[in-house]
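Chain by chain, the residues:
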Amino acid sequence: MFACLHGHGPLTALAFEFSPTVEQTAPDTVTFDASGLDRLFGLPQEVAAALARRAAEVQIKASIALAANPDAAICAARGFSGVSLIPYGDEAKFLAPLPLAQLAPSPELRETLDRWGIRRFQDLAALPPLGIAERLGPEGLRLRELARGEVVRKLLPLQDPLRFEDEIELEYPVELLEPLAFVLARLVNALAISLAARALATNELRLLLKLENRTTHERTLRLPVPSLDTKAFLKLLHLDLSAHPPAAPILHVWMGMNPVKPQSAQGGLFVLAAPEPVQLELTIARLKAIVGPNRVGSPVLLDTHRPDAFRIEPVFQGKARAGSPSVRLTLRLFRPPRAASVALASGHPSFVTAGAIRGKILDLAGPWRTSGDWWTADPWLRDEWDIALSDGALYRLYCDPRGWFVEGSYD
Amino acid sequence: MPAVALKQQFESLLGGPLDWQSRPLPECVSCGIPAVDAATGGIPRGCLTEIFGPASSGRTSLLLSILAQTTDRDEVCALIDAEDAFDPTSAAAAGVRLDRLLWVRSANNAEHALKAADLLIHGGGFGLVALDLGDTPPAIARRISLTSWFRLRRAVENTPTVLVSVARQSNAKTCAALQLECVREQAAWSGSLHSSRLLRSIRARATSTHRSKTCSPVFTATAL
Chain X
1 MFACLHGHGP LTALAFEFSP TVEQTAPDTV TFDASGLDRL FGLPQEVAAA LARRAAEVQI
61 KASIALAANP DAAICAARGF SGVSLIPYGD EAKFLAPLPL AQLAPSPELR ETLDRWGIRR
121 FQDLAALPPL GIAERLGPEG LRLRELARGE VVRKLLPLQD PLRFEDEIEL EYPVELLEPL
181 AFVLARLVNA LAISLAARAL ATNELRLLLK LENRTTHERT LRLPVPSLDT KAFLKLLHLD
241 LSAHPPAAPI LHVWMGMNPV KPQSAQGGLF VLAAPEPVQL ELTIARLKAI VGPNRVGSPV
301 LLDTHRPDAF RIEPVFQGKA RAGSPSVRLT LRLFRPPRAA SVALASGHPS FVTAGAIRGK
361 ILDLAGPWRT SGDWWTADPW LRDEWDIALS DGALYRLYCD PRGWFVEGSY D
Chain E
1001 MPAVALKQQF ESLLGGPLDW QSRPLPECVS CGIPAVDAAT GGIPRGCLTE IFGPASSGRT
1061 SLLLSILAQT TDRDEVCALI DAEDAFDPTS AAAAGVRLDR LLWVRSANNA EHALKAADLL
1121 IHGGGFGLVA LDLGDTPPAI ARRISLTSWF RLRRAVENTP TVLVSVARQS NAKTCAALQL
1181 ECVREQAAWS GSLHSSRLLR SIRARATSTH RSKTCSPVFT ATAL
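First to last, the protein sequences are chains X and E.
Just so it is clear: in the first sequence, position 8 is 8 by our numbering, and no numbers are missing.
So the number in our numbering is just where the residue sits in the second sequence, counting from 1, plus 1000.
These are computed hints drawn from the structure, not numbers from a lab.
Cβ coordinates follow ideal geometry from the N, Cα and C atoms, glycine included.
Errors might be hidden in some of the hints.
As the list claims (entries may be wrong) - In silico DSSO-like cross-links for lysine-lysine, where the CA-CA straight-line distance does not exceed 27 Å:
#1 E:K1173 - E:K1115
#2 E:K1115 - X:K288
#3 X:K210 - X:K288
#4 X:K235 - X:K261
#5 X:K261 - X:K231
#6 X:K288 - X:K231
#7 X:K235 - X:K288
#8 X:K231 - E:K1115
#9 X:K235 - E:K1115
As the list claims (entries may be wrong) - Computed footprint of chain E on chain X, listed as stretches where at least three residues anywhere in the stretch have a Cβ under 8 Å from a Cβ of chain E:
#10 10-21
#11 298-310
#12 355-366
#13 404-411
Looking at chain E on its own, in the form it has when it is part of the complex:
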């Protein structure tokens, strides 16, 4: 029996045409911010998620929230810190279990950071691999070829690992399954200049630019 006839017979039995081309949607995990989860459907496993934005736009707060959620599920995480900017105190305050975190400090070397990410993904078993290029100058981050990002995307495919990259600008382009562009809306201060003035929080907007419908959930990162 030809394949077309077999397909038609199968579809008639199931009561309608089936979508044979599209791949099943990846499993998504919570990022810890209900507004972002509701808008994006969560952070996909086996895919590259890119978080980008200028300094003080809430990128790192979002990343630490994802890390905290992942370690809270008892999964093992790896953070490749290209500029040695990770603050363990902030992470612990955000609920990241540091004993479930492998911290790789690649001192100001994006190339080493990419190699480390590749090794960790191929090593397997990680719930999350985060590549933090947040303080890497855009000129250097742009030098990372699309081929390298494609290689990372292929490496993480069909694995339960969430791959997240943080940068100032979008670098992975089409290799990212989800892109979140963070923009700071406002910083909240309390008190007056001469009496106990405090930085309370920042309010940021994360715009997803890689889905069929654009969404811009807002989240607030509060100070300690």
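Chain X with its partners taken away, still in its complex shape:
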């Protein structure tokens, strides 16, 4: 059994509520396979009534027809308003009064049929097939079969739009993360199952919480690789919500997952081990919860001579250039630099006091003047010295317009 909806509004969405096999016949016509609906609703009349009821609920004005073949249903839906139910075997009789223009014949054929005085389905249906084949060719035969409601064909089904979203309206406002975790687990597991059923994974989780104070709280988690690890998702959501808690109790939870193809890579015996991406994301989220959000990542040097210029990026994203490994004298930085009071002798620093760092300068090299960004609102200018203090350590000392500072120690 096939059903056809002809009218205006979201007909496709309505059809998908009843069947997974839906054909968009025309912009205003949708046909779908209604076989099996009798097990849900009962007799075809009850199926038609359920369709009409649901269309009224979602405010769709459409004529509905049910027939044994899709083209008979289409003709009936287009030709009759309201609900039409064509009994099996009575298609020709039911469609008989419809005008022939509804079958959209070619202009030449239409002119010929008009000259013959054939204007309705019943007129064409009554003609002998052999004569039609001789005079009008295959198109005439096809029109005759359509007029008799005898065309049997398969639907050209629409792809069900892949939307992986789910929501839960809570019975009472949830204030704590602990009870919310159960709700999130239900949503995550259901969405992961539907993704897995289509051999898909996700690389993005979107969470939208409607709050008691009529605002929304939106969070998006992006994963480095597609995954279906629900435990990791839940832990990541928990850590993210702990770091960014909603401002008020939660009334409604909506979750969406971005469907992508799962990453497939074969491991090799001689490939070096690296952190598993989703596990690494989870570890980083935990680390951020401990040390702070902007304190974990890969350092990237900026293209400037400004001292200590770098930015933190998500791990293992870029491709940094590096020289060959060598043993270099390394600077350990004090962040922020330690303000120092410096005694000068003959224009050179001779004694330094900067908190716990205190001593006579035994040896020094400098000053080395560096400057930059003078064309911007944030220029820098400094004179640097490398100093060996009497405490046995080597330091970098600098002087800028704000005063003297110990930048770090060589180690």
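We have chain X already, so just place chain E on it with the hints.
Structure of chain E alone, referenced to chain X:
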């Protein structure tokens, strides 16, 4: 057949008594300094290696050399920086591939640094996890209990991860499979005070104090 007789029969077949008690030596990786590698046999995987010494004793240069070697092998490294002292410019100059480095900046909190190390080791997949307590005052570093170090040692056991800690004094004691005590021998300067004087390098001695035979290889860290 009793176990003793079976053991004797097995040993007679193999032509001599076997050492049944000792565990196989861990795989060692190069630290990038041939003298230190030759003296210590390298940095052991699955073990805790402790590098300690006063400021300007070459501890960080040694650590960056290990990091550079590890990233050069395309392994992923993590550096837990307890005092936010890591200088990416120095590291890049030493050959550390920064895109293979996860930098955790635990601002002046040794406890957070230990937690981070524990998480990273349990996360798995890292070639090297370095815990830098180099500027942490000894009084605070000493407050880290031996139990915490033991926990880290147990966590890294049977993994291919190298765990390195850098501090001013030895803290891990017997939990460390290899201890390297760094002492600066001299700093090399060039030029005179009034004409292009430069800090050229420091020469340091790394004394291994945790092996049956003590060794003291010398290495030089050169300035940029």
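Flag every earlier hint the structure violates by its number, smallest first. Number 10 only.
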